[in-house]
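Visitor: Okay, here's what each chain looks like letter by letter:
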Amino acid sequence: MKIGVLALQGDFEAHRKALERAGAEAVEVRSAKDLEGIDGLVIPGGESTTMLKLLRAEGLFEPLAEFGRRKPILGTCAGAILLAREVQSPCQESLGLMNFTVERNAYGRQIDSRIVQLRGGEFSEPLEAVFIRAPIIRDVGPDARVLIEYNGDPVLVEQGKHMVATFHPELTADPRIHSRFLEKVRKG
Amino acid sequence: MNYMDEQFRLKVGLAEMLKGGVIMDVTNAEQAVIAEKAGAAAVMALERVPADIRKEGGVARMAPISKIREIMAAVSIPVMAKARIGHFMEADILEALKVDYIDESEVLTPADEEHHIDKRRFKTPFVCGARNLGEALRRIAEGAAMIRTKGEAGSGNIVEAVRHMRTIQKEMRQLTVLGKEELVAESKKHQAPLELVEYVAAHGKLPVPNFSAGGIATPADAALVMHLGAEAVFVGSGIFKSDDPERRAKAIVKAATYFKDPQKLLEASEELGIGMFGIDVAKLPESELLQTRGW
Numbered sequence: 016m017k018i019g020v021l022a023l024q025g026d027f028e029a030h031r032k033a034l035e036r037a038g039a040e041a042v043e044v045r046s047a048k049d050l051e052g053i054d055g056l057v058i059p060g061g062e063s064t065t066m067l068k069l070l071r072a073e074g075l076f077e078p079l080a081e082f083g084r085r086k087p088i089l090g091t092c093a094g095a096i097l098l099a100r101e102v103q104s105p106c107q108e109s110l111g112l113m114n115f116t117v118e119r120n121a122y123g124r125q126i127d128s129r130i131v132q133l134r135g136g137e138f139s140e141p142l143e144a145v146f147i148r149a150p151i152i153r154d155v156g157p158d159a160r161v162l163i164e165y166n167g168d169p170v171l172v173e174q175g176k177h178m179v180a181t182f183h184p185e186l187t188a189d190p191r192i193h194s195r196f197l198e199k200v201r202k203g
Numbered sequence: 002m003n004y005m006d007e008q009f010r011l012k013v014g015l016a017e018m019l020k021g022g023v024i025m026d027v028t029n030a031e032q033a034v035i036a037e038k039a040g041a042a043a044v045m046a047l048e049r050v051p052a053d054i055r056k057e058g059g060v061a062r063m064a065p066i067s068k069i070r071e072i073m074a075a076v077s078i079p080v081m082a083k084a085r086i087g088h089f090m091e092a093d094i095l096e097a098l099k100v101d102y103i104d105e106s107e108v109l110t111p112a113d114e115e116h117h118i119d120k121r122r123f124k125t126p127f128v129c130g131a132r133n134l135g136e137a138l139r140r141i142a143e144g145a146a147m148i149r150t151k152g153e154a155g156s157g158n159i160v161e162a163v164r165h166m167r168t169i170q171k172e173m174r175q176l177t178v179l180g181k182e183e184l185v186a187e188s189k190k191h192q193a194p195l196e197l198v199e200y201v202a203a204h205g206k207l208p209v210p211n212f213s214a215g216g217i218a219t220p221a222d223a224a225l226v227m228h229l230g231a232e233a234v235f236v237g238s239g240i241f242k243s244d245d246p247e248r249r250a251k252a253i254v255k256a257a258t259y260f261k262d263p264q265k266l267l268e269a270s271e272e273l274g275i276g277m278f279g280i281d282v283a284k285l286p287e288s289e290l291l292q293t294r295g296w
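One line per chain: the protein sequences are E and X, in this order.
First residue of the first sequence? That's 16 in our numbering, and the numbers climb one at a time after it.
First residue of the second sequence? That's 2 in our numbering, and the numbers climb one at a time after it.
These aren't lab readings, by the way, just hints derived from the structure by calculation.
None of these values were measured; they are calculated from a predicted model.
Using N, Cα and C, we set each Cβ at its ideal position, and we do this for glycine too.
Honestly, I wouldn't trust all of these hints.
In silico lysine to aspartate or glutamate, DMTMM-like type, Cα no more than 20 Å apart, as pairs [said to hold, decoys possible]:
{"no.": "1", "chain 1": "X", "residue 1": "K265", "chain 2": "E", "residue 2": "E43"}
{"no.": "2", "chain 1": "X", "residue 1": "K242", "chain 2": "X", "residue 2": "D262"}
{"no.": "3", "chain 1": "X", "residue 1": "K38", "chain 2": "E", "residue 2": "E73"}
{"no.": "4", "chain 1": "E", "residue 1": "K202", "chain 2": "E", "residue 2": "E73"}
Across the chosen pairs, the derived CB separations fall in these ranges [to be verified]:
{"no.": "5", "chain 1": "X", "residue 1": "G205", "chain 2": "E", "residue 2": "R85", "range": "36 to 42 Å"}
{"no.": "6", "chain 1": "X", "residue 1": "V160", "chain 2": "E", "residue 2": "E43", "range": "49 to 55 Å"}
{"no.": "7", "chain 1": "X", "residue 1": "L229", "chain 2": "E", "residue 2": "K32", "range": "37 to 43 Å"}
{"no.": "8", "chain 1": "E", "residue 1": "P141", "chain 2": "X", "residue 2": "A142", "range": "27 to 33 Å"}
{"no.": "9", "chain 1": "E", "residue 1": "E101", "chain 2": "X", "residue 2": "K189", "range": "56 to 62 Å"}
{"no.": "10", "chain 1": "X", "residue 1": "K284", "chain 2": "E", "residue 2": "E81", "range": "22 to 28 Å"}
{"no.": "11", "chain 1": "E", "residue 1": "G52", "chain 2": "X", "residue 2": "G274", "range": "55 to 61 Å"}
{"no.": "12", "chain 1": "E", "residue 1": "N166", "chain 2": "X", "residue 2": "D119", "range": "30 to 36 Å"}
Looking at chain X on its own, in the form it has when it is part of the complex (with noise of 0.2 Å):
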């Protein structure tokens, strides 16, 4: 694949202009206009938010058109939605439909347990969950032209998007001080195509934009992974489930762009009322982790 070619820089563009800024779960136009007039730079159309998913069971989709079109007509910032991971007839739809970024999503039910879908025959941009700098890289070989980091969605808890961005930085780091014939082995170990392998021990980063996503609840939680190293972050459940969403999605807006600045930082975390209540994610069983889907 050529990572220089138009279509893949087109796509990785649209992620460049979404840096610094935070991408918050809708499913329904009310919340989509809450999202942008708080400053929102993207909005997620999904049927439900994680944490309801989570609470209620049963299979999780795409989202209604009906609701995604609803959402597209009322703000004027991108709007991205959910298919199910390895549902590229749910991808073909959503393009067709001209959403501007495709979340092929762990937090929705997977419709293929053994191949993602190949994001590369798409016009639309495509982003993808990552654990680790292996899965990663598969889902950039795949089509990628954005990965977040997974955490564990509606949970409502930062631990596992540290992990997963910390591990990811970890292992890039890691691969910027090996030899060539090193690489090769690197390769075999993360099992991701060699020449994304040298792409990252030579530029330290991965070829696409890195967000964070899965447990931001709080303006100190989008800070501490952008930190990390995320270039951007997606609040889910967080937003919505608060008692105050509209204050909660500014302070948390404000807090990505001024992660490095305390003094703002604890402005943004002032007066924010009461947020989601949280889920020990230890005490989860493996059964109902959503990290866990795709591979």
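If we strip away everything but chain E, and leave its shape as in the complex, we get (with noise of 0.2 Å):
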């Protein structure tokens, strides 16, 4: 199974050690061509209004908008937040692929950002989730499932083939998420 990570800007590298460690084949992606031949795509952390700068400059939002409409993605916070049908905060262009909204740096600056253990759904033992200057997922559509919530608004979600964490299971040792959507890639 290959996988590839959106590697324009930000913690690709980490996720590609998570994918290698969940036993996957990594690949960075940087243009439209290099999303031929692989079976699902990781659009990693870093900076959302970086990375959408970089995909129109270089032709590649169409391309990951049609791959995403094949195969499976997996977004971790600015990941989300291009994956959303609307972003707020400021508002900004998305990929759409995925039913919610999200409010971009919405617990505040670096000095709100943390880590917590989330229980709940279907994650009996308890999940470490660092939210580094995380957005917030709102609005989510019927058409997509809330897996775990924390202070009551959800932080990671799924939607068919895709599926979203606004915080970065990719900086734990957790391998749980990036198995997740192993799982989800080997299914189809």
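Reconstruct the complex from the two isolated chains, following the hints.
Guide: Set out below in structure tokens:
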């Protein structure tokens, strides 16, 4: 199984390692051509505005949206912002592959970044969630499913083949989020 | 110090998010917006860009609070600000202001010629400059969560950034082939804590991200330091001292992402206009060097 990691900017290296730990082959994606032959894609954490500019400037926005209509995508933090239906604070363009609204930097600034232990839903063992200048997901549509919440807000959401986290599973040793994504890719 | 504690992981975590990106020096909201639109991963708020500090002289301090606020209000990307070396009160003020990263920077006039800030007591992460491995590890021991090679700020000349990145990379590689008992002597030589020397020996890299700064003026410069091991780049005077800042900013962002792709670098280097006027660092008197501030 070959998984691409969008490597325009951000912590793509951490995702590559997390995917390899979970048993997948990971390759970096910087062009539309790199999307050929991969079974799924990870959009990493980083600055969503930077990624968006590069996606547009390099003609990668449409190919990525098209890829997402066929194959699974996992987005973390900035990746979740890019997959949303609507982005607020400020309003910006997104791929619109998942049915939720997202508010950027909704916890505040870096000083409000935090690490918390989450429990609930399918996660009986606590899940360590690293939030860094994280967004908050709001207004989740009926076709999407909230897997876990923090402070009453959805932080891990799936919809069909796609999945997003507003935190950074790639910055922990816990393989459960990446393994779950790989399971989705396996199912196609 | 526990390098795996939550506070430190969060500090390093934000540095991880900036990787592959460009952090641009800005002095007002207007420049910050240009930087964000061009794809900057973060901006650095300061009173004057290094080239002007060099030209005008005088004491260079933390930027005026009103300017930093204006920049923070204008953009959605992280905002960093510089504090003078050893000036922990400037750092306290920047933390109260909630800037996202503090640069304890040799570009400003040092406030303390013996001590750097004890960065461990802050919740706000710090980045510090370094010319060699010992300096980098001493800053990390003090709590820095990101290192940037110093280069020679405001010179528009990449030679010092190259020297510093090559030095750090070489010194790290050398540690990886040594035996355990030899590392004790290395710790003494680098004047750095043994546990950090051992970390580098085991991993071949710093325990925090290593970015590059000081003299990057063109897309080719950015690509060069990325090839040499920089995980992201800081661009100071290079952008707003050129004749078309917006285009140059975009081009450097593209170069940081596609540093392995000569075709993309060619595209980034085309129609750039005139870059900042550079300085031959070898002709600068010792007293005018910024890189020798800090130890």
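Visitor: Please go over all the hints and tell whether each is borne out by the structure.
Guide: Hints versus structure:
1. With a C-alpha separation of about 16 Å, the suggested pairing of X:K265 with E:E43 holds against the 20 Å cut-off.
2. Annotation: proposed proximity of X:K242 to X:D262 is violated, straight-line Cα distance about 27 Å (limit 20 Å).
3. This hinted pair checks out: X:K38 and E:E73 have alpha carbons roughly 15 Å apart, not beyond 20 Å.
4. A C-alpha spacing of about 31 Å is found between E:K202 and E:E73, which places the hinted pair above 20 Å, so the restraint is violated.
5. The hint said 36 to 42 Å for the Cβ distance between X:G205 and E:R85, and at roughly 39 Å that hint holds.
6. The given range of 49 to 55 Å is broken by X:V160 and E:E43, whose C-beta atoms sit roughly 30 Å from each other.
7. The hinted window of 37 to 43 Å between X:L229 and E:K32 is violated, with their beta carbons roughly 22 Å apart.
8. Take E:P141 and X:A142: their Cβ atoms lie about 32 Å apart, and the range 27 to 33 Å holds.
9. For E:E101 and X:K189, the Cβ-Cβ distance of about 58 Å falls inside the hinted range of 56 to 62 Å, so the restraint holds.
10. The hinted range of 22 to 28 Å is not satisfied by X:K284 and E:E81, whose Cβ atoms lie roughly 55 Å apart.
11. Between E:G52 and X:G274, the C-beta spacing of about 40 Å breaks the proposed range 55 to 61 Å.
12. Between E:N166 and X:D119, the C-beta spacing of about 33 Å keeps the proposed range 30 to 36 Å intact.
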